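Asker: The primary structure of each chain is shown beneath.
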Amino acid sequence: MNFFTRKRSAENAKERLQLVLVHDRTDLTPAQLESLKDDLLIAISKYIEIDPEAVQIGLERDGRSQRLVADIPLRNVSRRHAG
Amino acid sequence: MTAQVITITSGKGGVGKTTAVANLATAIAADGKKVVCIDGDIGLRNLDVVMGLENRIVYDIVDVIEGRCKLKQAMIRDKNAVSPTDMIRICNDLRSDADFVIIDSPAGIERGFRNAIAAADRVIVVTNPEVSAVRDADRVVGILEAEEKGIPALILNRLNQALVRNNDMLSAEDVLDLLGIQLIGIVPEDESVIISSNRGAPVVSDPKSRAGQAFRNIARRIQGQDVPFMDLDQQSGLWGAIQKLAGRK
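Chains as they are written, first to last, in the numbering used here: chain E, 1 to 83; chain Y, 1 to 249.
There may be inaccurate statements among the hints.
When the alpha-carbon atoms are kept at most 20 Å apart in a straight line, the in silico SDA-like pairs for lysine to any residue are as follows [stated by the list, open to error]:
| no. | chain 1 | residue 1 | chain 2 | residue 2 |
| --- | --- | --- | --- | --- |
| 1 | E | Lys14 | Y | Lys34 |
| 2 | E | Lys14 | Y | Ala162 |
| 3 | Y | Lys12 | E | Val20 |
| 4 | E | Lys14 | Y | Leu176 |
| 5 | E | Lys7 | Y | Lys12 |
| 6 | Y | Lys34 | Y | Asp97 |
None of these hints come from the bench; they were simulated from the model.
Computed from a predicted model, the values in this text were never measured in an experiment.
Just chain Y, with the same shape it has in the complex (with noise of 0.2 Å):
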């Protein structure tokens, strides 16, 4: 196995990273792929909890680094103890072990989203339809740009079709045009990532979440297929039907 090291990042804060990540390594291994994902923020880490392994957390990246994975200690969370070189060492070491490296960066242009990307052969970049989270996915597309990393592939996630319907959301062309660059799949708004989020179980394991599907898809790209984009204007269930009846669509 060589591994594919794969850095979803964002710029804002609050975009759903965390929500991609682990939605994508949970598809990507339901798919019979070993996966292996990293949290890149010390500092606030949440990927645990969306995952519902928070208890399961007994050393951190830190612990990996200083070679103390034997000894059960206290959580470390000096951010300067990490470098971009450690971060290529740890994925390098992973290659042999794994299919795919999904690593979930710190929010911010910062020290943290250094070291997350410092090991991508790919970066995948999450924002939503709204104004300042565009803005910051542009700076880091630069940024990516201005190291060399590429061109990244965004996920536009949270889109709410009946708000663009009504030119009261930036649309996924009006982001691709702002950004310039290439998509790899659009996530519908969707309440049941926040109930699966609850639970500690991500959405993709839904089998009726749109927002689940749209991820399915997304794993499915990144594993190299070819999977047409989904039709966002097609409501499901009785909710649906009843506006295809009222011919509100």
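This is chain E alone, in the form it adopts within the complex (with noise of 0.2 Å):
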């Protein structure tokens, strides 16, 4: 896709029927979905250390079924203690 030319709105209506389409199925606001998020990453820092803003959490979709799907790097601990 070239920069300067607008995407065409088949894509567009795509990409936002994906987005609608996994919430009402999941029947789940994005709200909700951040809020998931935010608790979520609370109850991994209890064990163990990650980076907050590297985490990227999201709603899949796999033909007719959903998927919660977390992507969580660590920060590496043991690095740190050898230096």
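Assemble the dimeric complex from its two separately framed chains, guided by the hints.
Answerer: Here's what the structure looks like:
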């Protein structure tokens, strides 16, 4: 996709629908998803050190099923101890 | 005979359910099968006008349920007069009498829709390649799954291939990917559908109409035949020939 051409409307439609359908199917609003993320981060931080800025949590579609996908990079604790 | 009961539904209104029912029923009947149509929309029924039968409607489904079929009475518009059990009973009565019973579901996901799917052996969802129609179709698919009606088949109605080529309309692939269900047919946008419905003669009886051809193909697929999908890029008529000459295809 050229930077100077506007995205064609079919792409807008598909992207918007992908988002809407995931929330419709899970009955989870974007705001609820945000607070779920916050709660998850708090829970995980109790046990391991993570970088909250680098965490990515989102809903993904796979055919007619949805999954909650989290990518949570850990801070490298052992290296810091060794140094 | 043991009729198969098929419900045509959509979630959103105005996507072409009634047109689909009228055309599929006409096409299946033209193939020599016996077909009964039920308009599941009691408050706003339209299948009669689309099929050009409005002058022949004497009784409606409520009369049948209440056993008043011998009496010519005013139309009853009480939506609560029909229950899912009533629909199952009526369809079971019709099974021995027909090859197919096709139910035109009302829009929405309320009582009329629940009635319309209650007796269905198989459900077909109609949608347009448009954001709100696809969203509502997805809700209906979700309910059908939850009600253990199985995954429905999809009719993608009013596809404008020129817009798809321009990436200004969701393609069939996009819609199938979003909804995660199987396609039973694509019906191209076609002015002849409006002309036919003005006349009260379903477009399948117009041999030249591309939408008519698409509905005839879907009717065959419903009957279990393996019919290849139409090439939508193929333009018929003079305009198609001009476009071909101009290299626009």
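Asker: Look at each hint and say if it fits the structure.
Answerer: These are the hints, each one checked on the structure:
no.	hint	verdict
1	Lys14(E) x Lys34(Y)	violated (40 Å)
2	Lys14(E) x Ala162(Y)	holds (18 Å)
3	Lys12(Y) x Val20(E)	holds (16 Å)
4	Lys14(E) x Leu176(Y)	holds (11 Å)
5	Lys7(E) x Lys12(Y)	violated (27 Å)
6	Lys34(Y) x Asp97(Y)	holds (8 Å)
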